[in-house]
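*Asks:* Residue strings, one per chain:
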Amino acid sequence: MKLLGKRQFRMDFWTWVKIIVILALCLFIVYPFYTILTKSVFSTKVEGITLYNFTRFFTKPYYYKSLLRSLYVCFFTVLASTAIGVPIAYLMTRYNILGKKAMHIMTILSLMSPPFIGAYSWIILLGRNGLAAKLFTMLGLTAPTIYGRGGIIFVFTLHLFPYIYLYTSGAMNSIDSSLEEAAENLGMSKLRRIWTVTLPVILPSILAGCLMVFMTCLADFGTPMLLGEGYVVLPVLVYNEYMSESATDPFMASALSVVIVICSLLVLVFQKYVIDKRNYQMSSLRPPVEVQLHGGKRLLASLPIYIVIFLASLPQIVVICQSFVERSFSGMVKGINLSNYQTILKRLFTNIKNTYVFSSVAIVFIVLVGIFVAYILVRKKGKVASLIDMLIMFPYVIPGSVLGIGLIIAFNRKPIILVGTSAIMIISYVVRKLPYTVRSGTAFLCQMDPFVEEASINLGVPPLKTFFTVTARMMLPGVMSGAVLSWITCINELSSSIMLYTGKTSTISVAIYQEVVRMSDGTAAALSTILTLTTIISLLIVFRVTKGKVKIV
Amino acid sequence: MSNHVTIKDAVKRYGDFTALNGVSLDINEGEFFTLLGPSGCGKTTLLRMIAGFNSIESGEFYFGDKLINNIPAHKRDIGMVFQNYAIFPHLTVKENVAYGLKARKVPKDQMDAKVKEALELVQISHLADRKPNELSGGQQQRVALARAFVIEPSVLLMDEPLSNLDAKLRVQMRSVIKKLQKRLDITTIYVTHDQEEALAISDRIAVMNEGRIMQIGTPSEIYAKPQNPFVAGFIGVSNYLDCEVKPDGKVNIKGELDLNIPLRRQYTGKAKLSARPEQLFFTATGMPGVIQFSTFLGDFVEYEVLLNDGQSLIINEYTKDHSEVYENGKNVFISFDPLRVSLYESESQEVLSL
Ligand SMILES: Nc1ncnc2c1ncn2[C@@H]1O[C@H](COP(=O)(O)OP(=O)(O)OP(=O)(O)O)[C@@H](O)[C@H]1O
Ligand SMILES: [Mg+2]
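First to last, the sequence lines map onto chains A and B. The numbering used here puts the first residue of the first sequence at 1, with every later residue one more than the last. The numbering used here puts the first residue of the second sequence at 554, with every later residue one more than the last.
Hints are computed from structural coordinates only; laboratory data are not their basis. Every residue, glycine too, gets a C-beta built ideally from N, C-alpha and C. Among the hints, erroneous ones may be present.
[As the list claims (entries may be wrong)] Derived lysine-lysine pairs resembling PhoX-like cross-links, with alpha carbons at most 25 Å apart: (1) B/Lys669 / B/Lys655; (2) B/Lys778 / B/Lys799; (3) B/Lys619 / A/Lys380; (4) A/Lys465 / B/Lys661; (5) B/Lys658 / B/Lys619; (6) A/Lys465 / B/Lys721; (7) A/Lys465 / B/Lys803; (8) B/Lys684 / B/Lys667; (9) B/Lys823 / B/Lys803; (10) B/Lys667 / B/Lys655; (11) B/Lys661 / B/Lys684; (12) A/Lys547 / B/Lys684; (13) A/Lys380 / A/Lys18; (14) B/Lys778 / B/Lys807; (15) A/Lys465 / B/Lys628; (16) B/Lys823 / A/Lys465; (17) B/Lys721 / B/Lys735; (18) B/Lys669 / B/Lys735; (19) A/Lys100 / A/Lys18; (20) A/Lys465 / B/Lys655.
[As the list claims (entries may be wrong)] Per the computed footprint, the stretches of chain A lying under chain B, defined by three or more beta-carbons under 8 Å from a beta-carbon of chain B, are: (21) 452 to 458; (22) 470 to 482.
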């Protein structure tokens, strides 16, 4: 008798998980985007399916200029961030910079702090009636304006150069020092060595950092909204088309959304097929040694880093100081006290509560789903896993505001009505911030010994119970550091919240935006301080727990 | 409770590639059985089929009289020691060892006693409350061992458990394992690609190659009577010589020497002779050769001897029998121990000698 191993199809636990995850992702990412896609080919002006919106986009300056502006801002932000980030990475990895660890943490802090708070702070400093602006006037100088494209690029750069720094320094640390020594040995001067050996090797990482900067810029809504004034970029235009009280045109807004998504998609494809191919994977046998500078030279090497990090952290400092200043209606300083905090606790308590409740609920789902998905991606490879992997990546190319619109259009009618509920806010957080957790989970799981699971099964614990008691338990620390990043980006989330909120479900970030628009600086500062402090504390906890080994990128 | 293990015609395929091609084994109760073979020959594959981590394409696996093909891994009641130990990093040594007992819902007091006894047996009682990352490789190995046998499995499997240890510790752990196995009397299947380790530790050995079993036997049988040239070459060092079995039964080597090798059956034609270095010796007459190179190794001298046709042979001569070391370039004559060399058919590689 021959017992041929039959491949029976059984509905086991993992099959269910896969089905549920795929359904959820389709429902909350693919379907909303699909509705946007379908809306974009209709119009109130024309009957039936039409490319009217797109034709209008590419012929009317009002529309296509916003795309050009977006690309302009992104391009120069990437350029400026690289110009700052790469030298800093070089100095930080090669020299004994004063307070290196603290500087590293400060860069990560400024990256993780809410982006629109940067914009808002710079308005306090350099805007009309800005503190620094007044200083300039007193000195008889004209202050540089923070409004318009220059200001947007400036604020974006200070916020996003850490991406370039983090990617580049990661690559720099993995260059085998013998490579540079070989070049030196062959008679290359120091500068030419950097140019001909170091730079080409780290180039793919720099480009990966550039991609992150570009995508974030392209999708960001808060900064250009606050600083742009007449300079309307694409995400702001989407918001205006969809939300402005006057002529709203959801069809046009959908078409604009499609344009943004296509742009990000093109950039991503470019990265995948052009940059990824040239990735020199190095396993560093001898990581580069830190050059020990002394006295003046050490100061000189540290100074540029201090200046940049001071500028990058300035918004947080300004906001915290500002939050304790009570002002009269006309903007005169009335005193240093906690009145702003009293005001927000009275008036905006719901927002504060919502931010923490939504983010906490979201993070529970994110951790849970994150562990399952990471496990499927690493240990249950196959077609289904690849599909999930792709769906998880979707939020990278769909900006928050676009997903927000998609969710509204998709779920404001039967059978599923979610618009206006807390659920829709939480859902948007979960799907958008899941990737951080999944990525840190998969990275962790890849390094985990698969035989540990088999050992548990072998000792008599069934596979599923093994997953929960051994695998999930061991993954937890790895997932947690990603989860904190998810959490931080949740509490600071603006671009989809601003689309989805209603009076009852408004959050801190939405309130800050509204307060700034209303020129109510004190309360905005107090709210921003709450977010900033929460961010800092959360990050410090991760640093503590992971002993500084947290991976942001 | 120990068991004998029977495997009938096990086949394993990975896509088009056949990793195991009809393997049959009969392993006795309480036996220390080793799967030995070069890298990639399918040892791990077979072991994981027994453990239930690999699907079985065809064949039958029995523990005692029980067919286990369709029993899931966690119900097979097997102890397994993994190559890289696979100790639970989040549990202490004690908790690691208790893990399998917990899964079997052993009462607390019994469990504590068993864990204590197991730790004593592998001599790590003093490490009971440490975490795995505070242990050396050898200590981790002992934890893995204790964890596997404390559940009193019907079969114990080990996949190259010593390969991550340094040479000295390897020899030491080898005897720890062997003594423990005899004491607990658990049927054990052990995998290694180290022939010396296999010879030292096993009751019986199955030599494998390319998904097949080449020979099964006790260490001395396998060493002294290799059933095919592969086994002769894989275990120890062998010299191969082309020869011909004449109609009168004499074995003629390269037309230069006739030997009276007792054959197990009638055969005439081309054959292959395999002789270990200690089965060759220098004589007054025989096959002529020139000493190329000699290496003095204490209790014996290893000579490399060039034959007339250009082939070179390795010959060992024990210093207790011959105190003189021959110089390079010396002309010598070589003969064979006809009762101990092995002879194979050229074509089928089947064994001809007794
Ligand atoms: N999952 C797999 N998919 C495809 N081929 C595999 C797989 N696992 C093993 N093989 C192949 O099956 C053959 C036997 O592998 P196995 O791991 O059993 O070798 P081994 O005898 O244990 O070798 P080693 O001594 O190196 O551990 C090898 O050729 C290997 O490449
Ligand atoms: Mg193996």
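*Asks:* Hint check: B/Lys823 vs B/Lys803, CA-CA at most 25 Å. Holds or violated?
*Replies:* Within the cut-off at roughly 12 Å; holds.
*Asks:* Keeping to a limit of 25 Å between CA atoms, is the pair of B/Lys778 and B/Lys807 held or broken?
*Replies:* holds, 23 Å
*Asks:* Assess, step by step, whether the Cα of B/Lys661 is no farther than 25 Å from the Cα of B/Lys684, and give holds or violated.
*Replies:* holds, 21 Å
*Asks:* Compare the distance between the alpha carbons of B/Lys667 and B/Lys655 with 25 Å, and conclude whether the hinted pair is satisfied.
*Replies:* It holds: about 12 Å lies between the C-alpha atoms, which stays within 25 Å.
*Asks:* Does the structure keep B/Lys684 and B/Lys667 at a Cα separation of 25 Å or less?
*Replies:* Holds, at about 20 Å.
*Asks:* Is the Cα-Cα distance between A/Lys465 and B/Lys721 25 Å or less?
*Replies:* Since the Cα atoms of A/Lys465 and B/Lys721 sit roughly 39 Å apart, the hinted pair is violated (cutoff 25 Å).
*Asks:* Are three or more residues of the region 452 to 458 of chain A within 8 Å, CB to CB, of chain B?
*Replies:* Our answer is that it holds, as 6 residues pass the Cβ test (under 8 Å) against chain B, meeting three.
*Asks:* Holds or violated: B/Lys658 and B/Lys619, Cα atoms, limit 25 Å.
*Replies:* Given pair B/Lys658, B/Lys619 holds - Cα atoms ~23 Å apart, limit 25 Å.
*Asks:* Regarding the pair A/Lys465 and B/Lys628, is the alpha-carbon distance no greater than 25 Å?
*Replies:* Distance ~13 Å between A/Lys465 and B/Lys628 Cα, so the pair holds.
*Asks:* CA of B/Lys669 to CA of B/Lys655, is that 25 Å or under?
*Replies:* holds, 15 Å
*Asks:* Could you grab the alpha-carbon distance between B/Lys669 and B/Lys735 and see if it respects the 25 Å cut-off?
*Replies:* holds, 20 Å
*Asks:* B/Lys721 and B/Lys735: Cα distance at most 25 Å?
*Replies:* Status holds; Cα separation ~22 Å.
Hint violations for this structure: numbers 3, 6, 7, 16 and 19, all remaining hints satisfied.
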